[in-house]
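Visitor: Got chain A sorted already, so can you dock chain B onto it with the hints?
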Amino acid sequence: MTDQNKPLRSRPSLREVAMFGVVSLVLLASLAVAPAKNYFSDWRHYQKAYLSLASERQNGTLVKSFHSGIRQTWVPKLGVVDRCESCHVNMSGALVGATAQPFRKHPPIPHKLEEFGCVICHRGQGPATSVEDAHHTTDAWEQPLLPARYVESGCGQCHLGPVDGTPRLNEGRKLLASQGCVHCHTVTQPDGTTLKASDDPPSLQHIAEKTSREWIFAWIKNPQAYAATSTMPNFQLSDQDAGDISAFLMAQSKPSLAANVTLKQASVSSATDPTQAATLYGASFCSSCHAMQNAAGNLVGGTVGPELTRVGSKVNPDWLRRWLNNPHEYDAETLMPHYRLDEKQLGVLTGFLLDKKDADLLANVHLGAGSADGVARGKKLVTESGCAACHQINGINPPQNFAPDLTKVGSRALAQIVFAPGMKHNLPEYIAAKVHDPRSFGPALKMPKFTLTDGQVDSLATALLAQTDRAASFPTELIVAAKHGSDYHAGGDAGRLMDDLRCLTCHAINGNGGDMAPDLSKEGSSVQRAWLEDFLSNPNTLRPALIRRMPKFNLTQPEIKMLSEYIGSAYQAPGLDSQTVDPHQLNADAAGRGKQLFYSRYGCNSCHIADYKNDKGYVGPALAGVGNRLTPAWTYKWLKDPAALRPGTLMPNFTLKDDEARDLTAFLMTLKAKQGGGK
Amino acid sequence: MKLLRMASLAVPAMATAALISGCMHASAPQALKPTSYGAQVAEVSGSKQIAQVGSTLAQPVVVQVNGADGNGVTGALVTFHGEGMQFTPAQALTDPSGQVTTNVQVGFNNGDYQITAETPKSGGGTSALTMREIALGYEQTLGKVVNDQYCIRCHDSESTPERVSNLDNLSPVPHQFVDGATLNRISDGDLNNMIAHGGPALGKSPQMPGYSATLKPAEIRAVISYIRTVADPPYQMSGVKYAK
Chain A
1 MTDQNKPLRS
11 RPSLREVAMF
21 GVVSLVLLAS
31 LAVAPAKNYF
41 SDWRHYQKAY
51 LSLASERQNG
61 TLVKSFHSGI
71 RQTWVPKLGV
81 VDRCESCHVN
91 MSGALVGATA
101 QPFRKHPPIP
111 HKLEEFGCVI
121 CHRGQGPATS
131 VEDAHHTTDA
141 WEQPLLPARY
151 VESGCGQCHL
161 GPVDGTPRLN
171 EGRKLLASQG
181 CVHCHTVTQP
191 DGTTLKASDD
201 PPSLQHIAEK
211 TSREWIFAWI
221 KNPQAYAATS
231 TMPNFQLSDQ
241 DAGDISAFLM
251 AQSKPSLAAN
261 VTLKQASVSS
271 ATDPTQAATL
281 YGASFCSSCH
291 AMQNAAGNLV
301 GGTVGPELTR
311 VGSKVNPDWL
321 RRWLNNPHEY
331 DAETLMPHYR
341 LDEKQLGVLT
351 GFLLDKKDAD
361 LLANVHLGAG
371 SADGVARGKK
381 LVTESGCAAC
391 HQINGINPPQ
401 NFAPDLTKVG
411 SRALAQIVFA
421 PGMKHNLPEY
431 IAAKVHDPRS
441 FGPALKMPKF
451 TLTDGQVDSL
461 ATALLAQTDR
471 AASFPTELIV
481 AAKHGSDYHA
491 GGDAGRLMDD
501 LRCLTCHAIN
511 GNGGDMAPDL
521 SKEGSSVQRA
531 WLEDFLSNPN
541 TLRPALIRRM
551 PKFNLTQPEI
561 KMLSEYIGSA
571 YQAPGLDSQT
581 VDPHQLNADA
591 AGRGKQLFYS
601 RYGCNSCHIA
611 DYKNDKGYVG
621 PALAGVGNRL
631 TPAWTYKWLK
641 DPAALRPGTL
651 MPNFTLKDDE
661 ARDLTAFLMT
671 LKAKQGGGK
Chain B
680 MKLLRMASLA
690 VPAMATAALI
700 SGCMHASAPQ
710 ALKPTSYGAQ
720 VAEVSGSKQI
730 AQVGSTLAQP
740 VVVQVNGADG
750 NGVTGALVTF
760 HGEGMQFTPA
770 QALTDPSGQV
780 TTNVQVGFNN
790 GDYQITAETP
800 KSGGGTSALT
810 MREIALGYEQ
820 TLGKVVNDQY
830 CIRCHDSEST
840 PERVSNLDNL
850 SPVPHQFVDG
860 ATLNRISDGD
870 LNNMIAHGGP
880 ALGKSPQMPG
890 YSATLKPAEI
900 RAVISYIRTV
910 ADPPYQMSGV
920 KYAK
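For the protein sequence lines, the chains are A and B, in the order given. Read left to right, the first sequence gives residues 1 to 679 (my numbering). Read left to right, the second sequence gives residues 680 to 923 (my numbering).
No lab work stands behind these hints: they were computed from the structure. Among the hints, erroneous ones may be present.
What the hints assert, rightly or not - Derived pair list, reagent style DSBU-like, types lysine-lysine, alpha-carbon separation capped at 30 Å:
#, chain 1, residue 1, chain 2, residue 2
1, A, LYS105, B, LYS895
2, A, LYS657, B, LYS895
3, A, LYS112, A, LYS77
4, A, LYS105, B, LYS727
5, A, LYS446, A, LYS380
These figures come from a predicted structure and were not determined experimentally.
Chain B on its own, in the form it takes in the complex:
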């Protein structure tokens, strides 16, 4: 009895999260035999996507294995891993163009996820590539809804058939929310003031209107949380940092 209990306790705290997503129970990947080896693994597409927690990224992640000559290598082995994530497939050989495509499901927690794609090199050792994906929890999702409704017209350079970006029409040009280099330096309090009372509240442009009579305080908080989550480079919370 004791032994049983001890055994179950031996599963560390992390197992809880792992069990929830069920990823640890996926059958161990069958060892694929690479037919050739590359020198380097490079990203083709799929990093920095934004998805809700627990969901599959809208676009698959595609990486390419290149040989020493910089051309794609067919039949090289690529292995994906990353804490809390599931990959379908987690391991594959590169196709004739030297690429591997995998679908990625992010985990239960909001925030950053790191994907590592590894390929064994011809001379031994491995080449690895890390990519960042972003998961939105409830608050950031609400922030994204508000962003998509009110902010995106001026704070995003991308246009769609339904809405045309107004970013280039403005001077000074608004900061895009992914612009971590700028926005990470502004405190939560200042961001809150600017959103609630407009640019002039901090001596900035009146092009930015105040939203205190339009958005609820919780919605403004949610937008700030969203801005912090999508920032690139990532936003580091102030205060003491601990290892996990």
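With the rest of the complex left out, here is chain A:
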């Protein structure tokens, strides 16, 4: 054959045909991938399983009404596109009794699922349609499903204050404030408010008056060895560092106002009767605020003030006497009231507290006076460790932005995180590990180790995981702001007296103050003036079973007069006056009917004692002398709607009719104390 005769295209060789066939098949196969993937998708499998379960267990309506296909919740204003219900098809519980996932009914919550979607609370990848992609970290998606123990963080994105039903979130937020986290870290909520610390780290400006260098050394080496309940974290200091810091703290100390006060020495012998001392400690209700280990080794007492189990190893005797005499001279900001103890009491109480010693605590601490080099090094360490973020220290300003801002820590990108070796690479694990033991991420890190239980770590992580990017961009109408207290303080002479007694440490008034004792904002309408005067001169608890009680402050008669007049006139409930109930209707007939209501109809005696001989109710205050204590108008209004006068009170609203409330008031007003006392 010549070249001309050769056809333009030769017949394809067998090899070429085979190649073509293979390429075509590959093309067809690749085209089939997409439909196949769809056909074998997880959601299709689960929907089939659901339908077979449904047809097995229920009549056909559920199967007939079922629309198969991808199900999507789209909430544009929240940026939510969730397809979780493609597999979790039984969220509404239409198929009764399915307990295994993915067909479990969603447990009841106060929101509609279709209004918020799923990932707002549970995280994970909403638009994904496979189990793996939706639940886990993938190359394109960092946030896996949130472990169940942190799920309350979802609520915390909108609800900025405590919510009933989310105890872990509430506890976490409380800990952020009470453990002092927010002294160093800024945590700003979506409404722009910044979390405030609720702890009360003492000023160190006069520390040399109060304690020794040895104690400071032992304390900063391990605060919990001195007081197990201390919230001061452990900075894991070397002996050298702790020695230098203690030298600096002693060196920077300046005399306080208390140092100028001359105290008369007590005339009592130093060997005070220990029973008498313990009685004074008990009668002053020190344990309402301070904890102390009892003989059985149990810690008994409140957490407002520091634990006193080993206080004798800490304080200078002279400082303690001056402190007990008037704590405000040493620390003008302390929560401790000015007790007005006499010299004898001062001596007894000082002796009692100095006896609370732990010989082992300082046994091996021997430090002389600090060297100038040590003091300088100590100052550098104090500055670098951020001590001044919590404590006032002479010559060192509180550091600004000392620690990372945690406002959006709940959305922190994994790329910004340095994980410790062996850790799972996800955000909740990181936050929990960091809170639990910061130094496990490297010995050079500054954050100290806090003493927290596992439950507290989970709570803190929950509160921090609520600080998300998403929350910051939520529509403002979704945000439920926290209730913020006021900075109310009473004015005038009575106000100065109330500050001196630190009433607000335990009582709240007009939105400011503690929650240990009753809110006094409406006390003036509530109690009779004579009773109040009597109570202030000899406070006796109204609730026989209560351990924390109002201390006796040794007030003078004019002080009592001033205080009760001020409380009586300034703290009135609106819409309540002497005309609220007609005194003429509070007669013996009404009282008789009231007694019937009290014992038979409403069983008031199940919670209250009207008669110490027969009644045993321990829940509410004893009412045996209530006719001397409460005003008739308050009693009437209280019976009608207790929560209107004191929100959150235990006393239920019995929806009494007007005449029932009046008759009960008449009965209660007949319950007079025997000798006009406060019992």
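Guide: Just chain B now, with coordinates in the frame of chain A:
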């Protein structure tokens, strides 16, 4: 591709829950070699605790392995397991007093959890012990909050420094919420009426006040849900029951 897909589908529906809690990925426990064998495993403490879903029980679970003479056996192997739960450790040898302590984390779902503690017996075979723990979801947690605020004073016999139990002061004595033997027989509707309108609504004592003007309907529902969850013996929902 198909094979891959099929493989992932082969993981049953249960895997979802398991993966969430991540428990299946915990490294397989290294086989511990028991140095001795007991006859029986018995509970020391830790059952019937109440915790929120996904959280660690406040108290660890402690069991003891006893020999035939009833005394603790040291070095016996105890293995813990239970659906949806995580144990730290899941396997351990008994200490010198014959005891093993483990921390337990309950799973994602509210309701009952069964712990099984097993020990191999000296003559072969195993001795097993089951314990019950209770997990609270959102609604039961809310119920517990309401319970702790309003109900517990009279419906719980335990006193704390902050509150003294009023239970013994009352006659008739209120039923504790764990008293399933009594409360399981009362329907949800009756419980709701009693809480909302007081004891007299069902001809019972007026010591129980009505809370309809104090609690919201959702709060009353939550309390009932809590009562049902903590009941001992456990509350069985009425209606058809299915296997899982």
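Visitor: Next pair to validate is LYS105 (chain A) with LYS727 (chain B); report whether the Cα-Cα distance is within 30 Å.
Guide: Holds: LYS105 (chain A) and LYS727 (chain B) sit about 25 Å apart, inside 30 Å.
Visitor: Holds or violated: are the alpha carbons of LYS657 (chain A) and LYS895 (chain B) at most 30 Å from each other?
Guide: Roughly 21 Å separates the two Cα atoms, so the pair holds.
Visitor: Checking one constraint from the list: CA of LYS105 (chain A) to CA of LYS895 (chain B), max 30 Å. Satisfied?
Guide: The hint holds at about 24 Å.
Visitor: Check whether the Cα positions of LYS446 (chain A) and LYS380 (chain A) lie no farther apart than 30 Å.
Guide: The given pair, whose Cα atoms are some 14 Å apart, holds under the 30 Å limit.
Visitor: Assess, step by step, whether the Cα of LYS112 (chain A) is no farther than 30 Å from the Cα of LYS77 (chain A), and give holds or violated.
Guide: Roughly 15 Å between the alpha carbons, so the hint for LYS112 (chain A) and LYS77 (chain A) holds.
Of the numbered hints stated above, none is contradicted by the structure.
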